[in-house]
Amino acid sequence: MRILVFNAGSSSLKFGVFDLAPGDTLAQARQIFKGSFDRFGPEGCDFSMGGQRGRAPHQSLDAAIRAVPEALGGVDGITAIGHRIAHGGDAFAGPSQITPEIRAQIDALTPLAPLHNPANLAALDLACEIWPELPQWAVFDTSFHLTNPARATTYAVPAAWREAGLRRYGFHGTSHKYVAQRAAEELRQELRALRVLSLHLGNGASACAVAFGKSIDSSMGMTPLEGLVMGTRSGDVDPGLFGYLERQLGLSIAEIEATLYRESGLKGLTGSSDMRDVEARAAEGDAEAQLAIHIYAYRARKYIGAYAAAMGGLDALVFTGGIGENSPSMRRRICDGLEFMGLKLDHDRNLAVDLTGRAAPQIQAYGARVNVLVTETAEQLMIAHEVAARIGGQDKSAMRVPVAVSARHVHLCARAVEALFGKGYALTPDKPLRQKGHWAARERVTLHGPKGEIANVAILGPLRARTQVEISRTDSFALGIDAPVRQSGMLEGTPHIRLIGPAGQFDTDGLIIASRHIHMNSADARDWGLTDGDMVDVSLDHTGRGLTFTGVLVRVADNAHTEMHIDTDEANAAGITCDVEGELCTDLLHAHV
Numbered sequence: 001m002r003i004l005v006f007n008a009g010s011s012s013l014k015f016g017v018f019d020l021a022p023g024d025t026l027a028q029a030r031q032i033f034k035g036s037f038d039r040f041g042p043e044g045c046d047f048s049m050g051g052q053r054g055r056a057p058h059q060s061l062d063a064a065i066r067a068v069p070e071a072l073g074g075v076d077g078i079t080a081i082g083h084r085i086a087h088g089g090d091a092f093a094g095p096s097q098i099t100p101e102i103r104a105q106i107d108a109l110t111p112l113a114p115l116h117n118p119a120n121l122a123a124l125d126l127a128c129e130i131w132p133e134l135p136q137w138a139v140f141d142t143s144f145h146l147t148n149p150a151r152a153t154t155y156a157v158p159a160a161w162r163e164a165g166l167r168r169y170g171f172h173g174t175s176h177k178y179v180a181q182r183a184a185e186e187l188r189q190e191l192r193a194l195r196v197l198s199l200h201l202g203n204g205a206s207a208c209a210v211a212f213g214k215s216i217d218s219s220m221g222m223t224p225l226e227g228l229v230m231g232t233r234s235g236d237v238d239p240g241l242f243g244y245l246e247r248q249l250g251l252s253i254a255e256i257e258a259t260l261y262r263e264s265g266l267k268g269l270t271g272s273s274d275m276r277d278v279e280a281r282a283a284e285g286d287a288e289a290q291l292a293i294h295i296y297a298y299r300a301r302k303y304i305g306a307y308a309a310a311m312g313g314l315d316a317l318v319f320t321g322g323i324g325e326n327s328p329s330m331r332r333r334i335c336d337g338l339e340f341m342g343l344k345l346d347h348d349r350n351l352a353v354d355l356t357g358r359a360a361p362q363i364q365a366y367g368a369r370v371n372v373l374v375t376e377t378a379e380q381l382m383i384a385h386e387v388a389a390r391i392g393g394q395d396k397s398a399m400r401v402p403v404a405v406s407a408r409h410v411h412l413c414a415r416a417v418e419a420l421f422g423k424g425y426a427l428t429p430d431k432p433l434r435q436k437g438h439w440a441a442r443e444r445v446t447l448h449g450p451k452g453e454i455a456n457v458a459i460l461g462p463l464r465a466r467t468q469v470e471i472s473r474t475d476s477f478a479l480g481i482d483a484p485v486r487q488s489g490m491l492e493g494t495p496h497i498r499l500i501g502p503a504g505q506f507d508t509d510g511l512i513i514a515s516r517h518i519h520m521n522s523a524d525a526r527d528w529g530l531t532d533g534d535m536v537d538v539s540l541d542h543t544g545r546g547l548t549f550t551g552v553l554v555r556v557a558d559n560a561h562t563e564m565h566i567d568t569d570e571a572n573a574a575g576i577t578c579d580v581e582g583e584l585c586t587d588l589l590h591a592h593v
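Just so we're aligned, residue 1 is where the sequence shown starts under my numbering, counting upward by one.
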């Protein structure tokens with residue numbers, strides 16, 4: 001199918017046509033047209049199309065969109081149109097086909113993204129007018145970040161404010177999602193094994209921490225105003241400035257907000273919102289431009305350190321966006337001083353970046369612990385991919401999966417068994433589990449934390465090379481230890497816990513809250529068109545307190561018994577009291593992590 005994609009921003013219009021099938025990977029998608037209009041003004045705008053660049057007479061976003069049909073020329077057979085929408089709130093976890101009701105919901109979110117949602121909706125409305133026969137789909141910047149934990153999304157403000165919708169959302173989700181996957185491909189590793197920090201540096205700028213396949217934090221907050229310094233946006237400021245500026249300068253809230261969005265950032269510091277202009281002026285000795293560059297790099301460097309700490313380490317830093325892709329000096333400024341954490345650039349590789357053909361060159365110094373990559377963001381490709389997957393999924397019949405509740409338990413290594421039960425001791429298999437070759441042992445252990453103990457914890461076999469302890473969020477508060485949500489086996493940087501047995505104790509890392517996942521037999525995976533590492537949504541609406549679990553990892557094996565595993569907290573949230581089945585939603589994104 002062919003998907004036309006619009007990415008209408010605050011100062012530009014990017015569009016493209018992609019040829020792909022519902023099950024295609026990102027690498028298999030083929031872009032057959034690429035165009036953009038940029039820097040609208042009274043004298044027209046810049047354009048880039050089919051390898052040609054120049055000036056066009058279009059003075060506004062509206063005029064540029066109306067010029068797209070002629071620009072597409074002989075491109076026909078378009079199946080659907082996908083639109084980038086900046087803010088989807090917490091209601092849109094994936095692509096949504098536009099209906100009057102959906103459009104109204106998006107419009108209602110405009111106060112949260114006043115610089116972006118209106119432009120996005122303008123493109124959507126004009127596309128509906130120009131191509132009334134084609135289905136229109138919205139893909140939201142915020143969807144990727146709905147996996148952020150509450151500790152990252154919750155502002156410390158009164159409950160009434162939070163109930164009114166005040167929370168952190170994060171943006172540039174399609175960009176960060178693509179960039180993280182592209183980095184994993186280049187490093188020839190699964191994304192679910194990596195801690196990636198994506199830096200999207202353009203007119204809008206944000207940092208995103210992607211830990212083991214999921215976004216866990218993003219520098220933008222309730223609106224795209226929070227975080228890094230941007231072209232015309234301030235990024236982080238003290239909220240006390242609203243009261244101060246009202247008292248000192250007599251400015252209204254609306255005036256202050258408009259200035260923070262449209263007259264701040266690089267523009268507020270230098271008079272220009274374009275980093276190319278700022279760098280040119282800095283090279284000529286302009287002190288304001290030089291200060292702006294220092295501030296821009298410093299703010300980004302602070303977020304790298306913060307997110308490396310939040311993820312318990314860093315495997316890859318990826319630069320993208322117009323500045324991240326095209327400014328070797330800014331990449332160098334941001335990375336300088338981070339050698340203490342194993343991050344160092346190679347001078348020659350940084351200067352020789354070539355992004356032809358969706359390349360993602362590595363520019364770290366040889367021997368550096370942290371990989372540093374540069375790649376073009378491909379938001380349009382990601383939008384087309386997600387729309388195609390959703391359209392393809394509409395024709396599939398439902399697949400139901402048994403849901404099993406996994407209580408707290410431990411997987412022990414040989415050293416742990418001897419420390420807990422005595423030298424030469426062998427665990428006693430007691431009850432077989434549904435997964436072939438797995439069993440529950442007769443023996444039990446006690447978990448000991450700084451706040452309390454949990455006794456009679458089950459041991460599951462067979463033995464593993466490394467001890468892993470799986471608890472629920474409620475258990476973590478009982479123990480007094482903050483356990484991260486991790487996929488099984490991803491234990492790097494996890495907290496320590498003490499295990500107590502009849503013969504002694506064993507201190508180990510490996511304490512996690514297990515990510516929800518589905519063990520899937522290879523035959524079932526083939527029937528449903530899934531592969532190991534795919535992420536799906538599972539609906540449990542029939543449980544009485546039903547909900548949909550998003551971001552469920554599919555783990556495929558020949559001898560697996562197809563079954564979804566959730567912990568006791570998740571089971572309580574869904575009201576599960578007996579054997580139930582979940583229904584795989586049809587919006588399977590094949591987001592291989």
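No lab work stands behind these hints: they were computed from the structure. One or more of the hints may lead you astray.
Claimed, not checked - Using 30 Å as the maximum straight-line C-alpha spacing, the simulated BS3-like pairs for lysine-lysine come out as follows:
#: 1; residue 1: 14; residue 2: 423
#: 2; residue 1: 302; residue 2: 267
#: 3; residue 1: 451; residue 2: 436
#: 4; residue 1: 344; residue 2: 302
#: 5; residue 1: 34; residue 2: 14
Keep in mind the model is a prediction, meaning the values are calculated, not measured.
Status of each hint after checking the structure:
no., hint, in the structure
1, 14 x 423, "violated (66 Å)"
2, 302 x 267, "holds (21 Å)"
3, 451 x 436, "violated (37 Å)"
4, 344 x 302, "holds (16 Å)"
5, 34 x 14, "holds (8 Å)"
Of the numbered hints listed earlier, those contradicted by the structure are 1 and 3.
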